[in-house]
Amino acid sequence: MDYAELSPVDLTLACLRDGQHEAWAEFIRRFNPLIAAIVIRIARKWGETSPQVLDDLIQETYLKLCAERASLLRRFDPAYPKSIYGYIKIFTANVVHDHFRSLHTKKRGAQVTTNLSPALENVVESRSSSSSARSIELSILFDQIDRFLRSAEISPTAERDRRIFWLHYRIGLTSAAIAATAGVGLNTKGVESTILRLTRRVRSHLTAAALVEKRALNHRSGEGKRAADSY
Amino acid sequence: MNRDQGHLDIEALGDLLAGLPSPGPQKLLPQAIQQHLSECEACRKLLEMYENSGRDLQSLQVVETLVASSQCPASPQCPDEQILRELAAGVENSGQTDEILEHITSCTRCGPLYRRISEEMSSDLSAEEEQILAGLRLSKPSAQAALAHSLEDAHLRASEDRPVPRNANRLRTSLAAALAATLVLCAVIVWIRHSQQHANPDADLAAAYAEQRPFDFRFAGVPYAPLRTERGAGSAAPKAPSLLQAELGIKQALSASPDDPVLLDAKGKAELFEAQFDAAIADSASALSRRPGSSVFLSDLAIAYALRGDEQNQTSDYTKADDLLGRALQIDPSNRIALFNKALVDERLGLIEAARKDWEQYLASDPAGDWAKEARDHLDQIRR
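Chains as they are written, first to last, in numbering that gives the first Met the number 0: chain V, 0 to 230; chain H, 0 to 383.
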């Protein structure tokens with residue numbers, strides 16, 4: 000069988016079910032960049048950059064894929080062939096996080112565990128002096144924009160588009176990351192155009208609101224001036 | 000421009016600045032508009048407001064990070080990190096994708112956490128990551144080939160229900176040592192296969208099956224062959240030379256290793272060809288007792304029961320076979336031979352709906368080829 004001609008799903012199923020080394024060789028050739036990228040990224044967030052450790056973790060991922068194939072086959076739904084990439088990503092991320100969590104737990108003592116990686120903990124520790132006044136101001140702005148988005152958009156995709164908008168502006172996700180998120184159902188271009196469209200609407204709304212506010216201020220100050228003059 | 004009054008309007012500003020970074024460099028605006036802006040204070044103010052709105056939007060992400068900095072534990076509504084990982088990888092498992100996305104966009108803990116996870120799960124490699132990847136041992140074809148052989152080996156061992164020792168296959172040596180290990184590993188695999196072929200009579204049994212296929216059930220490792228006789232009528236067929244050879248090989252090997260479960264299982268299979276179902280059940284059960292977690296042995300024992308059920312018209316044997324096949328599939332859901340056999344047993348038990356599901360499931364995992372055609376024939380018959 001020419002494994003190079005198989006689709007990613009068929010190739011993965013061939014590896015997990017039959018386990019021929021020719022199938023695995025093709026699988027490694029195709030999926031190694033994806034698996035390695037995730038290993039490299041997560042390991043670096045845990046402070047590990049040694050090529051030897053990275054190689055070991057990549058190899059461990061493949062061996063666990065093979066060892067846990069029954070569970071993977073059970074979970075994978077061939078009706079959604081693209082999800083094979085998702086499963087492999089999740090599997091790899093879990094292998095790497097489990098490895099480092101286990102190491103850290105051993106170092107800290109078995110009773111101390113955490114669900115957050117050091118990357119997030121650092122954020123938590125280093126930015127603890129926030130300006131509450133600014134936070135309140137921006138919280139009001141968020142509510143104002145969210146209300147506008149909820150009322151201004153009435154299309155069937157309005158809710159999804161509003162979430163895309165916030166995933167970009169609140170969470171800081173790129174269009175590609177949003178497109179990769181389950182349930183979004185758009186490609187990167189579609190996400191970009193949604194963000195662009197809503198951004199223009201929101202900016203127009205904010206500008207109009209600022210204009211109204213400015214005019215009201217001018218009006219009030221004019222009235223005040225006239226009142227003062229009358230005395 | 001609002002042509003009536005000669006001023007810019009908000010919509011026109013949106014059109015003008017859509018392609019520019021916010022705040023946009025005004026020199027990139029059309030000359031007529033630049034000219035108007037230089038003369039009209041009202042429009043300059045409007046432009047300033049529009050640009051401020053862009054800054055405000057960008058600042059919303061900052062507040063997310065700032066609020067995240069206050070120690071915020073997970074609330075009961077916060078999804079598990081694993082669910083966020085599945086979401087970022089594009090896998091919908093929770094059935095609550097919309098609710099979780101809504102939560103992420105408003106939760107000061109889950110928002111930043113999701114951003115981090117999303118970055119981790121990206122399929123795109125940065126230039127720096129590409130460079131690191133290129134320097135890894137497993138980027139080299141020779142190391143990949145060695146790993147592929149290790150995986151095949153692990154697969155074979157796991158199929159026999161031996162646990163794969165954690166990190167057993169790690170190659171912690173330098174490139175030179177890795178290459179040496181590759182050669183040794185390949186030699187070992189070749190040796191194991193070679194010795195297995197000569198000590199294991201399964202190849203002869205497979206040949207016998209191909210020559211005369213006396214029953215509709217399948218063993219692991221047998222090629223497809225058309226069914227030659229009716230159910231359970233194995234004794235009517237002349238003994239194939241390969242079967243004789245298999246029996247001889249099994250006998251010789253068992254005299255040296257009487258407790259070898261693989262040989263006991265092979266003996267049980269050989270007995271099925273001669274319709275010695277009680278003996279086959281005894282030998283296959285003996286093999287299974289020595290390796291109780293083997294999905295392959297469970298399936299083989301089930302065949303013996305089912306064929307005795309055919310011969311003696313005993314529903315209890317079919318029930319026993321069905322139970323054994325269910326256990327085999329529980330241990331290894333990817334064992335499609337057990338699934339094939341289970342569909343046949345379900346048919347015999349009159350469990351038409353179960354048989355239909357089994358055949359459909361089988362065809363989902365093996366959609367093409369002779370076995371698939373046979374499965375499809377069964378399925379068509381059920382549907383009719």
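Keep in mind the hints are simulated off the structure, nothing from the lab. One thing to keep in mind: the hints can contain errors.
Coverage of chain H stretches by chain V, computed from C-beta distances (three or more under 8 Å per stretch; other residues unrestricted) [as the list claims (entries may be wrong)]: (1) 32 to 43; (2) 100 to 114; (3) 118 to 131; (4) 146 to 154; (5) 321 to 328; (6) 331 to 338.
Once the Cα atoms are required to be at most 25 Å apart in a straight line, the calculated DSS-like pairs of lysine-lysine come out as [stated by the list, open to error]: (7) V:Lys-63 to V:Lys-44; (8) V:Lys-81 to V:Lys-188; (9) H:Lys-44 to V:Lys-213; (10) H:Lys-139 to V:Lys-63; (11) V:Lys-63 to V:Lys-81; (12) H:Lys-356 to H:Lys-372.
Even for Gly, the Cβ is constructed at its ideal location relative to N, Cα and C.
Structure-based check of all given hints:
1. Coverage of the segment 32 to 43 of chain H by chain V is violated. Counting CB-CB distances below 8 Å, 0 residues qualify, and the rule asks for three or more.
2. Check result for the segment 100 to 114 of chain H against chain V: holds, 10 residues qualifying (beta carbon to beta carbon below 8 Å, three or more required).
3. A count of 9 residues in the segment 118 to 131 of chain H with a Cβ less than 8 Å from any Cβ of chain V is obtained; the coverage claim is therefore met, three being the minimum.
4. With 8 residues bearing a CB less than 8 Å from a CB of chain V, the segment 146 to 154 of chain H meets the requirement of three and the coverage assertion stands.
5. With a cut-off of 8 Å between beta carbons, the segment 321 to 328 of chain H has 0 residues touching chain V; three or more are needed, and the interface restraint is violated.
6. With 4 residues having a beta carbon nearer than 8 Å to a beta carbon of chain V, the segment 331 to 338 of chain H meets the requirement of three or more and the stated coverage holds.
7. Proposed proximity of Lys-63 (chain V) and Lys-44 (chain V) is supported: the alpha carbons are some 22 Å apart, at most 25 Å.
8. For a cut-off of 25 Å, the pair hint linking Lys-81 (chain V) to Lys-188 (chain V) stands: about 18 Å separates their Cα positions.
9. Under the criterion of a C-alpha separation no larger than 25 Å, the hint pairing Lys-44 (chain H) with Lys-213 (chain V) is consistent with the structure, at around 10 Å.
10. Of the pairs offered as hints, the one joining Lys-139 (chain H) and Lys-63 (chain V) holds, with about 21 Å between alpha carbons and a cut-off of 25 Å not exceeded.
11. Of the pairs offered as hints, the one joining Lys-63 (chain V) and Lys-81 (chain V) holds, with about 21 Å between alpha carbons and a cut-off of 25 Å not exceeded.
12. Taking the CA atoms of Lys-356 (chain H) and Lys-372 (chain H), the gap is near 16 Å; set against the 25 Å cutoff, the hint holds.
Going through the hint list in order, the structure does not satisfy hints 1, 5.
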